[in-house]
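J.: The residues making up each chain are set out below.
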Amino acid sequence: QSVLTQPPSASGTPGQRVTISCSGGSSNIGTNHVYWYQQLPGTAPKLLIYRNNQRPSGVPDRFSGSKSGTSASLTITGLRSEDEADYYCASWDDSLSGVVFGGGAKLTVL
Amino acid sequence: QVQLVESGGGVVQPGRSLRLSCSGSGYLFSSFGIHWVRQAPGKGLEWLAGVSFDGNVEYYADSVKGRCSISRDNSKDTVVLQMNSLRVEDTAVYFCAKSAIFRGLKKSLIYFDNWGPGTLVAVSS
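Each protein sequence line maps, in turn, to chains A and B. For the first sequence, position 56 (counting from the first letter as 1) is numbered 56 according to our numbering, and the numbering increases by one without interruption. For the second sequence, position 37 (counting from the first letter as 1) is numbered 37 according to our numbering, and the numbering increases by one without interruption.
Do not take every clue at face value.
[As the list claims (entries may be wrong)] No more than 27 Å apart at the CA atoms, straight line, and that leaves these computed lysine-lysine pairs for BS3-like:
id	chain 1	residue 1	chain 2	residue 2
1	B	K107	B	K43
2	B	K107	A	K46
3	B	K106	B	K65
4	B	K76	B	K65
5	B	K76	B	K106
6	B	K107	B	K65
7	B	K106	A	K106
8	B	K106	A	K46
9	B	K43	B	K65
10	B	K43	A	K106
11	B	K76	B	K107
12	A	K106	A	K46
13	A	K46	B	K43
By construction, these hints were calculated from the structure, which means they are not laboratory data.
The following block holds chain B by itself, in its conformation from the complex (with noise of 0.2 Å):
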């Protein structure tokens, strides 16, 4: 069945860079696009970033554009998200989720059939 799995969260210092991976297994990776959400403790959803089944399209939040970036490696069915100068205020658990539309790239379409169990960013020094 379909997994995802981040990894690379941790304990960071304010101003410090950190790189998350999302892992993809169970169906066709290269033909889905992948995001990521974020949830802050005791707070609801953030969309952050997102990138397109073949990698040529990038979706980024207003509140992370210029600090982050995503990438994806179909080869390696994986998905990173780059995030620079981290603040207090990232700290968060941080899903990646899996678009659901194969090849989508239709923006009122992308919507997430299945997410990772998350992974703690916790930003402090």
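If we strip away everything but chain A, and leave its shape as in the complex, we get (with noise of 0.2 Å):
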């Protein structure tokens, strides 16, 4: 039972726009950066957004990351079968005193 709450699966075709969702609470989410990680078959992941809605160099504009409350979101734009993969949220948790993930949402491109 992971802390951060994201659906554990989502999919679109190419080209279409997907948005995963991730839940928290007062003590993670509500007072604390999200981040965001992408996590390809067989390999450690990588980091696609920093402090809620930032993207590392390297990282397609496709890719954005919003946050409202104890709430955030990952979108994809202009899918493409590359984005296959899994996505995780993490944050600060004050009460844990630690990082939590989101459980995971695996992203299926039909």
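Two chains, two frames, some hints: make the complex.
T.: Following this line, the structure appears as structure tokens:
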């Protein structure tokens, strides 16, 4: 049972827009930044979004993040086959004094 | 470029201990925190522990507090995660990850911009 709640799966066809949600509480998302990681099959996670909506250099602008209250979301526009991966949200939790991850959402490109 | 490499994984019996190492290169190792995250087979990511850039601050998840200790040797660009009293449910790929913020101590800014490829720990009798 993850502290941050994500849908287990999401899907879309090439070119579509997909949004993955991440729900938390006042001790994590409500107070701290949200981060998103992409994990391609068989590889280590990769930073996708930091400080709620910032993209590291090299991450396409098709990826965007937002946060409102105790929830956050990752939006992918112009979906491509190479976007098929697991996506995790993360945040610091003040009550647990640690980093918490969402359970991960498996994105399938149909 | 930044490179992190984990070592020390393998098969270990329940109740035994294991020492995982993370070596960093391609950046100023002593100025960035290092954290450990694990992933059980077919499961999601679980943060375990972290250490600040100078080794003075340690962070632990409740799930491993008391069984794990993290330390760093900046003269060797290495962080060690010592895990004791291993259980079958500790079976996972263990990743080390670099904190993104230079000499960062602000907790809400703890996030990871580089990860190692991971090392597999299998706890089995």
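J.: Work down the list of hints and note, for each, if the structure agrees.
T.: Results for each hint:
For the suggested pair K107/B and K43/B, the alpha carbons sit about 25 Å apart, so the restraint of at most 27 Å is met. Restraint check: the Cα-Cα separation between K107/B and K46/A comes to about 20 Å, which is no more than 27 Å; the hinted pair holds. A threshold of 27 Å between alpha carbons decides the hint, and for K106/B with K65/B the separation of about 21 Å falls inside it, so the pair holds. In summary, the hint linking K76/B to K65/B is supported, as the alpha carbons are separated by about 26 Å, within the 27 Å threshold.
Taking the CA atoms of K76/B and K106/B, the gap is near 25 Å; set against the 27 Å cutoff, the hint holds. With a C-alpha separation of about 18 Å, the suggested pairing of K107/B with K65/B holds against the 27 Å cut-off. Taken as a hint, the K106/B and K106/A pair is broken in the structure, with Cα atoms around 31 Å apart against an allowance of 27 Å. Note on K106/B and K46/A: the hinted pairing holds, with a Cα-Cα distance of about 21 Å set against a maximum of 27 Å.
For the given pair, K43/B sits about 21 Å from K65/B by alpha-carbon distance, which is consistent with the 27 Å threshold. In summary, the hint linking K43/B to K106/A is supported, as the alpha carbons are separated by about 11 Å, within the 27 Å threshold. The straight-line distance between the Cα atoms of K76/B and K107/B is roughly 26 Å, inside the 27 Å bound, and the hint therefore holds. A distance of roughly 15 Å separates the Cα atoms of K106/A and K46/A; the hinted pair therefore holds under the 27 Å criterion.
A distance of roughly 17 Å separates the Cα atoms of K46/A and K43/B; the hinted pair therefore holds under the 27 Å criterion.
Going down the numbered hints, you'll see the structure goes against just number 7.
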